[in-house]
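K.L.:
Those protein sequence lines, which keep their order, are chains L and D. Per our numbering, the first sequence starts with residue 1, numbered consecutively. Per our numbering, the second sequence starts with residue 1001, numbered consecutively.
Please keep in mind that the hints were generated in silico from the structure rather than gathered at the bench. Treat the numbers as computed from the prediction; the structure is a model and nothing was measured. Any given hint might turn out to be false.
Unchecked claim - Chain D is faced by these chain L residues, among others (derived, beta-carbon under 8 angstroms):
hint, residue
1, Y83
2, T298
3, R330
4, M445
Glycine residues also receive a C-beta, built at the ideal position from the N, C-alpha and C atoms.
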Amino acid sequence: MTTAVLAIGLVLATSLFIGVYGVRAARSTSDFLVASRRVSPNWNALAIAGEYLSAASVLGLAGLLLKNGLGTMWYAVGFTAGYVAVVALVAGPMRRSGAFTVPDFAEYRLGAPRLRKLCGCVVLVIMLLYLVPQFKGAGVVLSLVSGTPYWVGVLLAGLVVSGSIAAGGMRSATYVQAFHYVVKLAFLAVPAIYLVVHAGAETRAEALHPEWGTHFPETTPVEFTVATHFSLDEAVTVVTAEGEELELAAGEHSVGQGTEYVFPEGATIPHPAGLPELGSERWSTPLLDVGGYPLFETWSTLLAITLGCMGLPHVIMRFHTSPTARIARRVAVGVIALLGLFYLFPTVYGLLGRVLTPQLVMLQGTDTVAVVLPAQAVPGSAGTILTALVAAGAFGAFLSTSSGLLLALAGGLSHDLFQGSVPRLRLAVAVGACVAVLLALPAKMIDINVLVVWAFTVAASTFCPLLVLGIWWRRLTLPGAASGLIVGGVTATGAVGWSILFDTPEGWLTVLLAQPAAWTIPLAFLTMTVVSRFTRPPEWAEHAVLRLHSP
Amino acid sequence: MSPRREKLTSPQTRIALARGNRPAHHLLPVPEPVDTEAARRLFHAQRRTAVRTVLLLAVVLFGLSGAFALLPVLGQVRLAQVPVSWLLLTVGIYPMLFGLALWHVRAAERLENEAEARAADRAGEPGTDDPEGPL
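Just chain L, with the same shape it has in the complex:
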């Protein structure tokens, strides 16, 4: 696995080189401003896509597809559709407002320092929720390729990101991020195509026919790192760690932490309690179905992701590097094309993973499928190289997204919440990284995408109504915006947090808490409009709105 470590090192070194070279090219403020106006829309779109494609896209999608089924790809659709909403609702007007961040926009539109602080708090919540899964992804990949424990990987990832920000690795952000898009696309696409071609006709057909059942492709040792309940459809004889044969009858079984069973080749894969049977109808129907209400879950998740995209602080910031509002809109259209291209590939890993590495589901390690799969599918050095490529791509995803997130977090801390200075910004980066690492340590068993969708849900329930109403509705007032932000933020953060931390009875309550976007977003919009109706907007409000739309 040294190849993988080497590949990760190469990605890191190249990013630093581009960063340092870019810094040399642009030194003064005017250089930077002129350069940012001259960055062509294509580079800009590449950079936005590069920053946006996080560990959730590179690792999380394939893993969740393996575990929960085809419906997972709705996440990818939502991530892309979010940019359609951005094009239609915010890209142009945000550019014209001259605001770099959402708190800036709130200041422009409603003119109140206190609202700015409130927005700063929401930025912190969203960024932390988004950072934790990035660190989790990096920790998982690093521990997988270097064999170190998970916490070492997370800690190392935190050090690498803070270090690369300190060394200026992200300063010429546009080119570094654009480079990372290419890394992510190539390092996920090339192994995917190679795997499809070399998997053989039989494996390909099996991947496309889940109804044929899921079997262990070879004699597979499974070590349960956590206590697990699973059920078997037919009896199977496994070999225990002591070398004894053990007959497991069909039906429910529970195993303790550390148990090791060797499953024979061709045995039907057991499915852990609460998950759809691999390849069953529930698995292969393309709807999100975790709690038993597929259509509601799919729609709620789509709402959260599509509307949350526009509220992500690091997404909004990037539109300022377009010279005009028109180009900002066109850049967003380019991002849609780039995302659509990228999202063709995670499906390959998920589908092949069900055939070749189904044991990951029992090990609760599905987030690693994209890294584990190539070595399993293609024996020898080719597999090692492919695994190294995917690991490096995943690490690039983690590096670019978390650097952007950490900078947005630090900017929020030092500018919006406290009166900022450059040393404070550095301190804020360190503090932000520490908190994210501490939160990521106990998050090993939580799926990357659950955490990422949580961040999107909070963004969709807070900044989305603020931006949409602020841009398109003259009568939004300060009390309306503030109350809507508080209501949306508290309900969205609380509902998902509750469903992760506490066990809730099966049924509607669980689904409404785990997928709260369908009620928290309308609630936030309603609060903003109703409270605004009872208060008076200032006289200049209409001019502030009209200015956002004048060419």
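Fit chain D to the supplied structure of chain L, relying on the hints for placement.
P.N.:
Just chain D now, with coordinates in the frame of chain L:
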């Protein structure tokens, strides 16, 4: 010798920082549109376009997922071995999203061009061309 590195912030941040914790005395000056009525018309036209695009987006997303839920046959019919519903979700939907965004940009830019041309007409000048050229 390299020039001193300066910190870059947006105009709003600079105003907020300069103001410190004192309350807002003045905002970033909002330039009065020359013709408020024309600006209002453009605003309403743009809002209609935006609503139309968002509604169409909702139709694509909710309609397709609804079709998967209501028509299980989409999962049984296969095209080159792949179930049609899988193809639609993993490949087919992206061109639709791209097309929708492109269509919106064209509509929004056309409205802006028309507004600019009308403003130029009133000022007695020939209409301005789209500075970025056709998309």
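K.L.:
It remains to establish, for every hint, whether it holds in the given structure.
P.N.:
Structure-based check of all given hints:
no. : hint : verdict
1   : Y83  : 7 angstroms, holds
2   : T298 : 5 angstroms, holds
3   : R330 : 6 angstroms, holds
4   : M445 : 27 angstroms, violated
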